[in-house]
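Peer 1: The chain contents come next:
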Amino acid sequence: MTSMSFDELLPLIFIGLMGVSLLVYVVSDGYDLGVGMLMHRATPGERDTMVASIGPFWDANETWLVLGVGLLLIAFPKAHGLVLSELYLPTALMLVGLILRGAAFDFRVKGKASRKAMWDRLFIAGSMLASLCQGWMLGRYISGFGEGWNYPIFAAAIAVALPMAYALLGATWLVMKTDGELQDKAIEWSKIAWPPMVVGLILISMATPWISETVRVRWFTLPAMIAVVSIPITTCIALLAARLLLGSPAVRGSLCWLPFALLVLVFFLSFLGLSYSIYPFVVIDRLTVWQAASSPESLKVILIGVCVTLPVIIAYTGFSYRVFRGKTIELDYA
Amino acid sequence: MDVVFLARIQFAANITFHILFPAISIALGWVLLFFRLKHLRATDPQQKLDWLRAYRLWTKVFALTFALGVVSGVTMSFQFGTNWPGYMERVGNIAGPLLGYEVLTAFFLEAGFLGVMLFGHRRVGEMVHLGSTFLVALGTLMSAFWILALNSWMQTPAGYEIIDGQFHAKNWLEIIFNPSFPYRLVHMVLASALTCAFLLIGISAWQILKGVATDTASRVLRTGLVFAALAAPAQMVAGDFHGLNTLKHQPQKVAAMEGIWETTRGAPLLLFAIPDDATRTNRFELAIPKLASLILRHDADGELKGLNEFPSAHPPVFPVFWCFRIMVGTGILMLLVSWIGLWRHWRDGWDFARMPRPMLKLFAAMTFAGWVATIAGWYVTEIGRQPFIVAGLIRTSDVASRVPSSSVALTLGIYITLYLVLLAAYVGVLKYMSETADKPARPLITEGLAEGQQKNQHRGEFA
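Line by line, the protein sequences are chains F and B.
So that you can map any letter, position 236 of the first sequence is 265 in our numbering, and since no number is skipped, the others follow by simple counting.
So that you can map any letter, position 95 of the second sequence is 89 in our numbering, and since no number is skipped, the others follow by simple counting.
Chain B extracted, bound-state conformation (with noise of 0.2 Å):
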């Protein structure tokens, strides 16, 4: 196979894989702040006992997503180099200080602190110990801007100058606030909101559906619907300036995502289509008429354009537009699970035991909602650049690797099966702590707490 295909493939799946666990963690950082916050501040002790459990268990799942997201991430940070060795050679000069700036004022500032965050519990102060989760917190989301501001920079470039087909940097704060950016720093912050809140409902209402649920799993699956029924209209209205920033400056993405071939005034919404790169065509379309002029220019007969005119430059139309309506399709979903769930939350006096098991069920369903919506979004805007690697200016052909197509298709074939067992070995263990998580062995914290200050003084102060 060609080695600029297989090089894609492989690149795709390693960050596929990586997204998973990032698009948690910069949520559920910040959750683990608020349930300890909850913790420090209730007076009732029940209640007291109750947020510590959530942390506890919750801080099992941030430690388990975060170990995957740096060993993926590591295997990335080289994939760089061997996958596109002439993006670097072109592009380095820009591409490199946003990189490296984001190895030094987040990587470092996460895996500094979380060594605290986890286990230094009972060897520092309270506050050094919120600190240091809140620094925590504050690293994945620095990881967030610098990496979505080289996304978004390969997206709609700007504040550059090309000499001798080399890039050079003219402004980096146009750089870094390229026109994209802002939008879709958003949008991906608010997905991890989602696939964070989903995630929390999911596994919570798993734990009451299997009876295992204490009151810990009530708070948390109210925190998780509060927190999505929040998130969920927010995101619907990012996403829409976010598209209507893609319209401006991509439109061929924006033609790709709606499935228009040519030009056209008063553009249909296409509900259903398959299109066909060959005949340039939509077969068994399902359209509302108007609709998407109506959406991209709020005017009924406004002009979009077509494929038509980006002529050997522009995305593949099947998978960009099918996985713009996996990713709409499942937020509509996410907004509408979680304002009904609260509604009936709500009707249910707040209290999940009378709420019915088939809704319990669909959020149980629901756990990873947010991975499906925040891949099927990266593909749209990933794919939907292509056929270039910095729109508009390098093709993706041009800087591939160099190596032999069967070197990259034996590691391909490594990577997909060591990232298949890893994501049934961390869903099928998010299971299981999730069904004994209330059966620690230190179930009371008073206890606990004092054996391990005394442990400590007594053996931790040597050396």
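The following block holds chain F by itself, in its conformation from the complex (with noise of 0.2 Å):
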């Protein structure tokens, strides 16, 4: 490979940055949209503590979509035009979801005890639209838009697989941050979304590179192919060792933190596929990184500030979830 110029570079620094904004999107709101989910199975009292172990995170969760948004927006204005307009009606209905879940979120608490179970309902049924809604716009988005029958038959497969991993990691979540009565149901939650999110994972994997020839060429060709064939080998293993032990007492013990570690792990091998899947492109077959990308200069001073406050963000995110670390108990405001 030749050398880059540090203009070249930049469009690369704020793809990567976009990609991980959005991955560490994924798998806070995926949990936190998995719990809002997994919802319509507890019972109103198990709902409290769901809620209350998300309360604290959901906030900044979902600032890391406006984050990985607006960069997409800041630094490949050209691209996010193209993106928007394509998945412009799921887009407006995940926004919807987003909406009606972070109202009912705070309604439900606040307003008469009677319609409590009315926003629990909306809570539930935003998670799973903007989930839904979130899958669709992936498989539109892997697929390069394309048209043709077997095109939205794969978005639609994502559509439904997405939630389910979601469902998958709120459910190890709470695996993580309850115990006793719930703790037991979450396990088993856990043991049901897990079949439906590998067989999801799978199809993804082998339908990608048939829908796209550029994703064949890229995996399928020696000698690259030797290297990268440890992504999906990892993931296997990581899903296995999250069954494995969703089924061992020590899950309800001292090991109940490593089902959702690995399932992090497991999304983040998946983003590293996807990312080689589709680099250097930023819409696949369509854009790359170098044409949509802002001016250089606009770039730099984004730049300035993501070094500043990006290790700021973690340090404080990383504060937060240590003073809510441990089981949930009641949220009050006191």
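What the hints contain is simulated information worked out from the structure, not anything from laboratory work.
The reader is advised that the hints may include incorrect statements.
[Said to hold, decoys possible] One side of the interface only, derived from the structure: several residues of chain B facing chain F at Cβ under 7 Å:
| # | residue |
| --- | --- |
| 1 | 68 |
| 2 | 76 |
| 3 | 86 |
| 4 | 93 |
| 5 | 95 |
| 6 | 102 |
| 7 | 106 |
| 8 | 118 |
| 9 | 397 |
| 10 | 419 |
Keep in mind that this is a model prediction, so the values were computed, not measured.
No residue lacks a Cβ here, since even glycine has one placed at the ideal position from N, Cα and C.
With the hints in hand, could you dock these two chains into one complex?
Peer 2: As structure tokens, then:
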């Protein structure tokens, strides 16, 4: 590879930052969307604990979406216009889901007690709608917004698989953050969500090369294939380990955090695989990062801000997770 | 319908809904810090409890307000791209970093410390908790700083150069501190102060009227009255400066605000009129001679430019003209109510029990007066910038969405329904919370605290 000038490197730095923001979003809002969807299987008392387990975090989780989309908007304005015009309706529906959910989150405890069940239903419905739409958007995005009979099926499959993945992530979050009866339930939910998520992941991994020539060439060319095959292998090991753990008594004790951590690893590896498939495009086969990027001057101005603020953001996010570490207790405004 | 028009209505609906919540939370964060400090510094146990109750109720209001602000703000970050794709393609080099800095320095700060501020009091020390509250309040203010810098740049662009139709930044200090920015920032922060003050006044008055008030409501009501009585005159002065700044940089906006069709010396101040775009005249004028010139030029015979000087490049007159009158009228009303209210309260020996009920009803009726003035003001400045998205440089119609108008109409319908339902729910829940504020599950702090700490040590320290 020839060496790049810093100006040529900038778009790569920004696509990396955007990817990481979206990964953090998918993992962090993923577990709280998952918890939201799982609430339809819980009793009213358990619902309070479930909401309490995500209460201090969900605002900050959603901010990563604003950062991810913001970076797309700021650093790759041409891609932003293209992607969001293609995904106009699912984006709008996802936003409706996120609005419903964020509003219901607060209304359920602050409004009349008789309305709580209604807000809970809206919270669950909003979580489902947002997850489904994100799945659909991901599916359309990976396939480069292709036209033809197979593309909508592919997107629909991901639209179902992603909520399953979120539900599994949410269930393992609850395994970590709760105890007693709710933890037992969460373990059951994790076991139920595991097979569809795994099947979904396998299908997507097989369908992506089938749907895109670019991806096929990228993955199935020697010698790169030998190196990148470690990604699916590690993913398989992590998924199997998580499933084994869920069946063992250790998950109720000191290893309660491990299934969640393994799931985060799976999300991370899937993200790596996806990045490898798409690079160096920002919209596959249509727009490379260099074609879509803003002027280097503007990117440098933002990069300074990112370098200064991101470590601070990570530090205080860590602080917040530390303050609310351990098993969830009732939330109140003291 | 025309897709540009639909996109504008949709964006307007979203920012109108969004601004309701920051308009409260920008100032309410600082008010919460004030309540908390009063609680900590009070020596009398009853007073301590009163301020704590105030803090608790208004923290809930803050949490609810903040949540609605976040979700409508997330929507907005998408609508920049979905509704105005051409905007970022042309001015992305300037708007991008400003928005980026807002997310990095404000959104994360607010959201990161909100959890600790709302739910963390039993888990962190008093100073850390106060610090978190301070950082959340600071975050909301920073957010206003960046977004107003961008908005002001769109009104009075500076520090840029145009190369092949693309905007490039030349001087960031000139971009951020563009000519209208300091005025708009002060005007908006004071608007938030007034909105928040009247919310405090209105809800506390409602509690007294409903007979559910404790001393807490009196303390909050007094805080709100003093706050409003200070902010209202300051806002008048700031508004006047902002108007003069607009006259200098965007005379066509002022011409629309004052309904001046032809350039005039000694222009009258119109108290009432129906501006008619078709005939380019005002009907049913009720005017005070020469007053507009006197206010804007500080000279009774000063010349004011008319809309005739800006052919096909001036804003629609009717909405700008009327929103301006609604804003100013509400502002004057807020000034009068806060001053008369405070005067009356002083005459009553600082006792709200002796305040006449009609006065309390007036307070309650004005709970959301700040919303009316804030929205009317934003309509003046935003509609007043049309037909441009970046004043004088890019027309709104040139950057609009390429999405079919049926899609925009469909989502517009969904959004508006959702916003109306949530707005009704918000007002309903505020009313409910105010009426049930002092029937908490744990009436006594000391017991509650001890119990909470035990519980925390008991269950919370694993993993």
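Peer 1: Now tell me, hint by hint, if it's right for this structure.
Peer 2: For each hint, the structure was consulted:
The beta carbon of residue 68(B) is positioned within 7 Å of a beta carbon in chain F (closest approach about 6 Å), and the interface hint is therefore held. The criterion of a C-beta within 7 Å of any C-beta in chain F is met by residue 76(B), whose closest approach is roughly 5 Å, and the hint holds. A cut of 7 Å between beta carbons decides the hint on residue 86(B): the least distance to chain F is about 4 Å, and the hint holds. Taken as an interface hint, residue 93(B) checks out: its beta carbon lies about 6 Å from the nearest beta carbon of chain F, inside 7 Å.
Given the 7 Å rule on beta carbons, the hint for residue 95(B) holds: about 5 Å separates it from the nearest Cβ of chain F. Below 7 Å, beta-carbon pairs count as interface contacts, and residue 102(B) has one with chain F at about 5 Å; its hint therefore holds. Annotation: interface hint on residue 106(B) holds; nearest CB of chain F at approximately 5 Å, less than 7 Å. At a threshold of 7 Å, the smallest CB-CB gap from residue 118(B) to chain F is about 6 Å, leaving the interface hint in force.
Taking 7 Å as the C-beta contact cut-off toward chain F, the hint placing residue 397(B) at the interface holds, the least distance being around 5 Å. A distance limit of 7 Å between C-beta atoms decides the matter here; for residue 419(B) the minimum to chain F is near 6 Å, and the interface restraint holds.
When each numbered hint is compared with the structure, no violation occurs for any of them.
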